[in-house]
Amino acid sequence: MSGLRLFFIAPVFFLSVPAFADFAGAWHVDLPNRGAITSISDEFNVYLIQQGDVVCGFHYGTARERKKMDWGWKDERKPTVYGRVDAPGRVKISLISAHNDTPIEAELVDEHDRLVWNVTDTGNAAALTIPHSVALHRTEAMGFEFRQLKNCDAESVAMTSSAR
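For the sequence shown, the working numbering gives the first residue as 19, with consecutive numbering after it.
Honestly, the hints are just simulated from the structure, not real lab data.
Glycine included, every Cβ here is placed at the ideal spot set by N, Cα and C.
Capping the alpha-carbon separation at 16 Å, the derived lysine to aspartate or glutamate pairs in EDC-like fashion look like this:
(1) K110 to E125
(2) K86 to D48
(3) K110 to D71
(4) K110 to D139
(5) K85 to E61
(6) K110 to E123
Label-pair restraints from in silico Cβ distances:
(7) R156 to R84: 19 to 25 Å
(8) T120 to S151: 16 to 22 Å
(9) D131 to R102: 22 to 28 Å
(10) F162 to P106: 29 to 35 Å
(11) S151 to N51: 16 to 22 Å
(12) G70 to R156: 19 to 25 Å
(13) K110 to K168: 20 to 26 Å
(14) T120 to E158: 31 to 37 Å
(15) H130 to K86: 31 to 37 Å
(16) V127 to G161: 25 to 31 Å
(17) T56 to G107: 33 to 39 Å
Take these sequences, add in the hints, and give me the full structure.
Written out as C-alpha cells, the structure reads:
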C-alpha cells in the first residue's frame with residue numbers, strides 16, 4: 019500500500035519544485051560616490067526575462083557621477099544581456115557594453131533576496147559603467163526597461179550572438 023501512495027505523491031512533489039531559480043525581473047544597486055566632489059551616486063541595473071534555462075534582457079549603468087552612461091545597443095530591440103543557467107541558482111551571461119568591443123562575461127548567483135553579479139572575464143577590461151562585483155536587489159520595473167522584449171527567442175539570441 020505504501021508503494022502505491024508513493025506512486026501518487028512523488029509526481030506531485032516533483033511538479034511543485036521549480037527547475038530553475040527565478041532571475042526574471044528588475045535588479046538594481048546604487049554605487050556609492052567614490053570620493054568625488056559631489057555626493058551623486060552611480061547605479062547599475064539589470065532587467066531580465068527568463069525562459070527555462072535561457073536568460074536575456076538589458077542593462078543600464080552609470081559612472082563618474084552619472085556623467086557616463088551605458089545601456090548597450092542603440093537598437094533597442096536587441097538584448098544586451100544573454101545567458102544560460104549552468105547550475106542551480108547560477109547563470110553565466112555575456113553583456114554587450116556600449117563602451118567595449120567584446121562582450122563582458124559575468125556570473126549571476128541567486129541568493130533569494132538579491133542577485134550577486136561577478137565579472138568572470140578578467141582579461142577583458144570592463145567599462146567603468148559595469149561594476150566588477152555587486153549585490154543587486156529586486157526593484158519595481160517602470161515599464162520602459164524591458165524595451166518591449168517579450169521573450170528570449172532565437173531571433174533575439176542571434177542578434178546578440180552576432181555581435182561577438
